[in-house]
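So you can see what is in the structure, the chains are spelled out below.
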Amino acid sequence: MPPRLDELTMARRAASELEPGQVVALGSGLPVSVAAVLPPDAAVQLLSDAGALGYGASSDGHSSTGPALASPDGRPVALQRGGAVVGMVDWAAMLRGGHVDVALVQPARVYASGDLLGWTTAATPGLFAPGRTVDLSAGGRKVIAMLPHTGSDGSPNIVADSSPVADGRGCVNVIITDIAVIRVESGALVLSEVAPGWSYDEVAAVTGAPLAQASNLKEIAPNLEALNAERAGKVFSDGPSAIADLHDGATVMIDGFGGPGGMAHYLLVSLRDQGTRGLTIISNTIGIARSVNFGTPPGKLAIDHSILVDNGQVAKAIATYPVSPSMSNPSSFELAYRRGDVELELVPQGTLAERLRAGGAGIYAFYTPTGAGTLIAEGKESRVIDGKEYILEQALTADFCLIRGHKADTMGNVVYKGTSRNFNAVMAPSARITIVEVDEVVEPGELDPELIVTPGMYVDRLVVRPEGFSPYE
Amino acid sequence: MVDEKERLPREVVAMRVAKELPDGGFVNLGIGIPTLVSNFIPDGSVVFYHSESGVLNCGPLAEEDEQDIDLINAGGQFLQMVPGMAFFSTVDGFAMIRGGHVDVTVLGAHQVSATGDLANWMLPERGVGNIGGAMDLAAGAKQVIVAMEHTDRQNNAKIVQDCTYPITGKGCVSLIVTDLAVMQPTPEGLVLKEVAPGWTVEEVQELTAANLIAASDLKEYEL
Amino acid sequence: MPQGKLYDSPQAALADVQDGSTILVAGFAGHGVAERLLVALLEGGSKDLTLVYRDGPYASLGSGPLPAIENLVSNGQVAKIISPIPFSPGSGGAIEESWQAGWLDIEIVPQGVLVERLRAGGAGIGGVFLPTAVGTRFGADKEKRSFLQGEAVLELPLKADYSLIKVAAADTLGNAIYDGSGRNWAPVMAMAARITVAEAGLIVEPGELDPEAIISPGIFVNRLVASD
Numbered sequence: 000m001p002p003r004l005d006e007l008t009m010a011r012r013a014a015s016e017l018e019p020g021q022v023v024a025l026g027s028g029l030p031v032s033v034a035a036v037l038p039p040d041a042a043v044q045l046l047s048d049a050g051a052l053g054y055g056a057s058s059d060g061h062s063s064t065g066p067a068l069a070s071p072d073g074r075p076v077a078l079q080r081g082g083a084v085v086g087m088v089d090w091a092a093m094l095r096g097g098h099v100d101v102a103l104v105q106p107a108r109v110y111a112s113g114d115l116l117g118w119t120t121a122a123t124p125g126l127f128a129p130g131r132t133v134d135l136s137a138g139g140r141k142v143i144a145m146l147p148h149t150g151s152d153g154s155p156n157i158v159a160d161s162s163p164v165a166d167g168r169g170c171v172n173v174i175i176t177d178i179a180v181i182r183v184e185s186g187a188l189v190l191s192e193v194a195p196g197w198s199y200d201e202v203a204a205v206t207g208a209p210l211a212q213a214s215n216l217k218e219i220a221p222n223l224e225a226l227n228a229e230r231a232g233k234v235f236s237d238g239p240s241a242i243a244d245l246h247d248g249a250t251v252m253i254d255g256f257g258g259p260g261g262m263a264h265y266l267l268v269s270l271r272d273q274g275t276r277g278l279t280i281i282s283n284t285i286g287i288a289r290s291v292n293f294g295t296p297p298g299k300l301a302i303d304h305s306i307l308v309d310n311g312q313v314a315k316a317i318a319t320y321p322v323s324p325s326m327s328n329p330s331s332f333e334l335a336y337r338r339g340d341v342e343l344e345l346v347p348q349g350t351l352a353e354r355l356r357a358g359g360a361g362i363y364a365f366y367t368p369t370g371a372g373t374l375i376a377e378g379k380e381s382r383v384i385d386g387k388e389y390i391l392e393q394a395l396t397a398d399f400c401l402i403r404g405h406k407a408d409t410m411g412n413v414v415y416k417g418t419s420r421n422f423n424a425v426m427a428p429s430a431r432i433t434i435v436e437v438d439e440v441v442e443p444g445e446l447d448p449e450l451i452v453t454p455g456m457y458v459d460r461l462v463v464r465p466e467g468f469s470p471y472e
Numbered sequence: 000m001v002d003e004k005e006r007l008p009r010e011v012v013a014m015r016v017a018k019e020l021p022d023g024g025f026v027n028l029g030i031g032i033p034t035l036v037s038n039f040i041p042d043g044s045v046v047f048y049h050s051e052s053g054v055l056n057c058g059p060l061a062e063e064d065e066q067d068i069d070l071i072n073a074g075g076q077f078l079q080m081v082p083g084m085a086f087f088s089t090v091d092g093f094a095m096i097r098g099g100h101v102d103v104t105v106l107g108a109h110q111v112s113a114t115g116d117l118a119n120w121m122l123p124e125r126g127v128g129n130i131g132g133a134m135d136l137a138a139g140a141k142q143v144i145v146a147m148e149h150t151d152r153q154n155n156a157k158i159v160q161d162c163t164y165p166i167t168g169k170g171c172v173s174l175i176v177t178d179l180a181v182m183q184p185t186p187e188g189l190v191l192k193e194v195a196p197g198w199t200v201e202e203v204q205e206l207t208a209a210n211l212i213a214a215s216d217l218k219e220y221e222l
Numbered sequence: 000m001p002q003g004k005l006y007d008s009p010q011a012a013l014a015d016v017q018d019g020s021t022i023l024v025a026g027f028a029g030h031g032v033a034e035r036l037l038v039a040l041l042e043g044g045s046k047d048l049t050l051v052y053r054d055g056p057y058a059s060l061g062s063g064p065l066p067a068i069e070n071l072v073s074n075g076q077v078a079k080i081i082s083p084i085p086f087s088p089g090s091g092g093a094i095e096e097s098w099q100a101g102w103l104d105i106e107i108v109p110q111g112v113l114v115e116r117l118r119a120g121g122a123g124i125g126g127v128f129l130p131t132a133v134g135t136r137f138g139a140d141k142e143k144r145s146f147l148q149g150e151a152v153l154e155l156p157l158k159a160d161y162s163l164i165k166v167a168a169a170d171t172l173g174n175a176i177y178d179g180s181g182r183n184w185a186p187v188m189a190m191a192a193r194i195t196v197a198e199a200g201l202i203v204e205p206g207e208l209d210p211e212a213i214i215s216p217g218i219f220v221n222r223l224v225a226s227d
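Chains as they are written, first to last, in numbering that gives the first Met the number 0: chain A, 0 to 472; chain B, 0 to 222; chain C, 0 to 227.
No wet-lab data here; the hints were simulated from the structure. Note that the structure is predicted; figures quoted are calculated from it, not measured. Just so you know, not all the hints are guaranteed correct.
To be verified - Only pairs whose alpha carbons sit at most 35 Å apart, straight line, appear in this in silico DSBU-like list of lysine-lysine:
| no. | chain 1 | residue 1 | chain 2 | residue 2 |
| --- | --- | --- | --- | --- |
| 1 | C | LYS79 | C | LYS158 |
| 2 | B | LYS169 | C | LYS141 |
| 3 | A | LYS141 | C | LYS143 |
| 4 | B | LYS218 | B | LYS18 |
| 5 | B | LYS192 | A | LYS387 |
| 6 | C | LYS141 | B | LYS141 |
| 7 | A | LYS387 | C | LYS141 |
| 8 | C | LYS158 | A | LYS141 |
| 9 | C | LYS141 | C | LYS46 |
| 10 | B | LYS192 | B | LYS218 |
| 11 | B | LYS192 | B | LYS141 |
| 12 | C | LYS79 | C | LYS143 |
| 13 | B | LYS141 | B | LYS18 |
| 14 | B | LYS169 | A | LYS387 |
| 15 | C | LYS46 | B | LYS18 |
| 16 | C | LYS79 | B | LYS192 |
| 17 | B | LYS169 | A | LYS379 |
| 18 | B | LYS18 | B | LYS4 |
| 19 | A | LYS387 | C | LYS143 |
| 20 | C | LYS79 | B | LYS141 |
| 21 | C | LYS46 | B | LYS169 |
| 22 | C | LYS143 | A | LYS217 |
| 23 | B | LYS218 | B | LYS169 |
| 24 | A | LYS387 | C | LYS79 |
| 25 | C | LYS79 | B | LYS18 |
| 26 | C | LYS143 | B | LYS18 |
| 27 | B | LYS4 | B | LYS218 |
| 28 | B | LYS192 | A | LYS379 |
| 29 | A | LYS387 | B | LYS18 |
| 30 | C | LYS141 | A | LYS416 |
| 31 | B | LYS18 | B | LYS192 |
| 32 | A | LYS406 | A | LYS141 |
| 33 | C | LYS143 | A | LYS379 |
To be verified - If you only want the chain B side, here are some residues facing chain C, beta carbon under 7 Å, derived:
| no. | residue |
| --- | --- |
| 34 | LEU60 |
| 35 | HIS100 |
| 36 | GLY139 |
Unchecked claim - Counterexamples of contact, computed for chain A against chain B with all Cβ distances above 10 Å:
| no. | residue |
| --- | --- |
| 37 | SER185 |
| 38 | GLY186 |
| 39 | GLU353 |
| 40 | THR409 |
All C-beta atoms in this analysis are idealised placements derived from N, C-alpha and C, irrespective of residue type, glycine included.
Please build the complete structure, drawing on both the sequences and the hints.
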């Protein structure tokens with residue numbers, strides 16, 4: 000038999016699957032080597048469940064001034080410029096929420112269905128220490144399985160059908176072994192590459208499942224050049240260009256707790272000037288600062304959501320505090336609501352925050368005690384868990400999110416200021432396109448990675464609030 | 000006339016509530032009389048304030064020339080920066096509330112029922128209202144204290160057998176402190192624990208639309 | 000305030016641990032492990048404990064002959080373990096032996112599910128529908144439901160009596176920051192326990208930590224001990 004590929008060659012082949020700008024999570028075993036073979040300037044961010052987002056192969060040769068960080072297998076690593084420190088809750092949310100482009104795992108077995116089985120030993124029947132494997136398998140948008148093609152006894156590790164027991168269902172997209180690259184295409188295996196010297200027949204003979212042959216079967220030849228490409232830029236020159244594709248009927252998250260602090264006024268004005276209509280706005284208030292000077296310095300009239308309402312752009316609001324606290328000073332939204340021009344879905348504040356988090360973190364629904372037994376519970380499932388009444392609330396996502404940060408780096412990492420963090424940090428992960436208005440954009444590495452609140456993986460576009468722009472009229 | 004008898008000022012109500020706050024506890028104060036409570040924390044006692052605007056360990060309000068739009072409380076008032084503050088997002092702020100980490104919340108109310116139902120988010124005649132953080136506080140804080148005037152401006156009872164306004168939380172209120180009395184909702188009904196100086200049980204009952212059960216140790220409003 | 004959050008010793012901070020307590024132990028591959036607190040837990044001798052941790056085998060004490068969690072197990076203090084990696088099968092020492100012998104109960108949970116169950120516990124959520132375990136052995140016996148996004152299983156909250164965390168620095172109000180991978184499970188475990196005890200590399204006065212940098216606000220940290 001021709002020789003099999005070594006671990007590093009397999010890792011290089013796996014790395015060739017990656018594309019610039021991707022976030023990549025590595026599992027234990029063979030995937031760990033992928034970090035070692037990436038070019039130093041590769042435009043991908045590795046995510047470690049030890050809390051490092053955007054780390055390099057090892058800390059060797061890097062300065063020791065950064066935070067003490069570990070790779071998934073516990074080895075010391077250093078952050079690349081623009082990396083961030085994250086906690087375990089964030090790691091899980093990034094995966095489940097679909098924010099990790101590629102997950103690499105080493106299963107014991109892969110099935111033609113794309114199912115996978117983690118390893119177990121004869122000594123511990125039925126006990127599998129899943130660690131991160133199940134999360135990676137379920138969460139990666141693309142899952143690459145790396146494993147030896149056969150076991151130590153020569154039996155195939157890639158087998159037909161499905162397993163009665165699985166640690167991932169239909170999740171594997173690509174299988175990279177020491178002799179082949181196999182793609183899982185609608186439940187069928189297609190051999191696309193073979194190790195030098197191997198033929199289709201030789202690979203098929205040690206594969207335990209039917210194996211189709213790609214029309215252009217090639218020899219495995221890792222190529223990492225593409226990974227050095229420039230990342231797509233996130234900094235837009237002005238507000239109008241940053242929201243150019245925000246379309247009629249879009250669902251848009253706009254934050255601000257209520258006052259001018261933490262509200263993306265420049266983007267709000269851009270959206271007003273753009274004139275897009277039929278919008279559903281998700282927000283804490285739907286414009287009260289103008290009516291009652293909430294959080295507004297004396298003598299100032301703040302720009303808020305009211306400018307969109309007054310311009311006839313809003314069809315519906317999902318909000319917690321939609322009207323003025325003062326009946327005698329109604330907000331634009333309240334007047335429009337009384338006219339029947341707009342719809343309202345009223346949500347308790349903590350429930351709104353939790354629904355947004357769920358949307359960004361891949362939680363489909365959750366039980367909360369908030370609102371049980373009230374009008375908010377109408378039409379929702381109610382359930383007693385451990386003697387306490389809860390209601391079922393659903394995740395919330397949006398097409399666009401317009402939020403206000405303090406500073407960002409060009410990779411989209413954002414920090415906030417004081418109480419202006421509020422819903423901004425919660426909304427950023429929950430929209431398809433997140434656009435952040437900041438006071439200043441700096442180079443990667445200039446923000447302290449321990450202080451980054453919203454990692455760049457959640458931020459698609461940045462725009463700097465123009466000098467001299469006033470949030471007041 | 001009971002209607003014209005002098006009632007306790009708002010500051011005294013706030014002072015009475017302040018006595019209930021646990022030393023070293025985390026407290027969330029609503030708008031109105033609840034906001035005043037922070038002025039009356041007994042000497043030698045410390046309370047940490049949580050605000051759903053996203054800050055813990057809030058201190059006093061800022062002077063007019065030091066107002067910062069990035070440092071507000073949940074009522075939109077400007078805060079002073081004080082040592083020991085911590086900022087967090089709304090999702091973390093409400094995890095603190097719902098997760099039972101906030102010891103006491105003090106809220107205002109439109110109505111409170113004899114069994115502790117709270118109604119404070121919508122007046123039916125307006126047809127629309129603001130929930131804000133009230134429902135989470137009602138459901139999540141370990142203890143919910145209502146601080147309010149005993150009746151509305153037209154002298155209609157705010158303490159009722161059953162709420163007629165849309166409720167914020169069911170059976171969540173553990174203590175009601177008004178300008179006339181201190182009451183405790185229980186499954187058996189509303190127990191009258193303290194009455195304002197110069198007021199009789201009968202007079203308080205006259206302004207209360209729920210049956211009051213006089214506590215065995217009923218006393219005068221105790222500060 | 001009554002006595003403040005500062006305790007003289009790890010032993011004093013854990014003096015009230017009862018038999019049968021559930022204890023969360025933060026740490027990832029040796030990072031962010033509250034080693035002095037684990038020693039105090041061992042010395043305290045409380046029994047029938049349920050321990051929740053990510054990877055106990057790596058939570059080794061620098062000077063001790065045996066890993067910390069294993070010590071507690073071989074000392075007969077542990078009734079149950081909830082973990083994504085309770086031990087390395089085949090080389091799990093006392094933990095594996097006790098489990099094989101049938102007197103140590105082990106509940107295995109994928110780590111992203113475990114962390115979300117802890118967050119639910121800490122955030123007052125009654126349960127979460129997660130897609131993670133759908134179709135796997137970890138979702139087999141759980142309530143399943145279809146949503147617009149797809150299938151999900153109901154995961155229930157996990158709360159504890161204590162959590163033992165390590166922080167880089169804390170102020171006397173309990174506001175805490177971490178160092179790099181030392182953060183890992185600590186912030187969520189701090190939320191999920193009735194009493195969170197933090198072993199702090201540095202304890203400072205309020206105002207010395209940047210309020211923007213605080214990861215665990217003092218509301219989640221009940222007791223503080225110095226790490227040396």
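Taking the numbered hints from earlier one at a time, note which ones the structure violates and give those numbers from smallest to largest.
15, 16, 21, 22, 25, 26, 28, 30, 34 and 39
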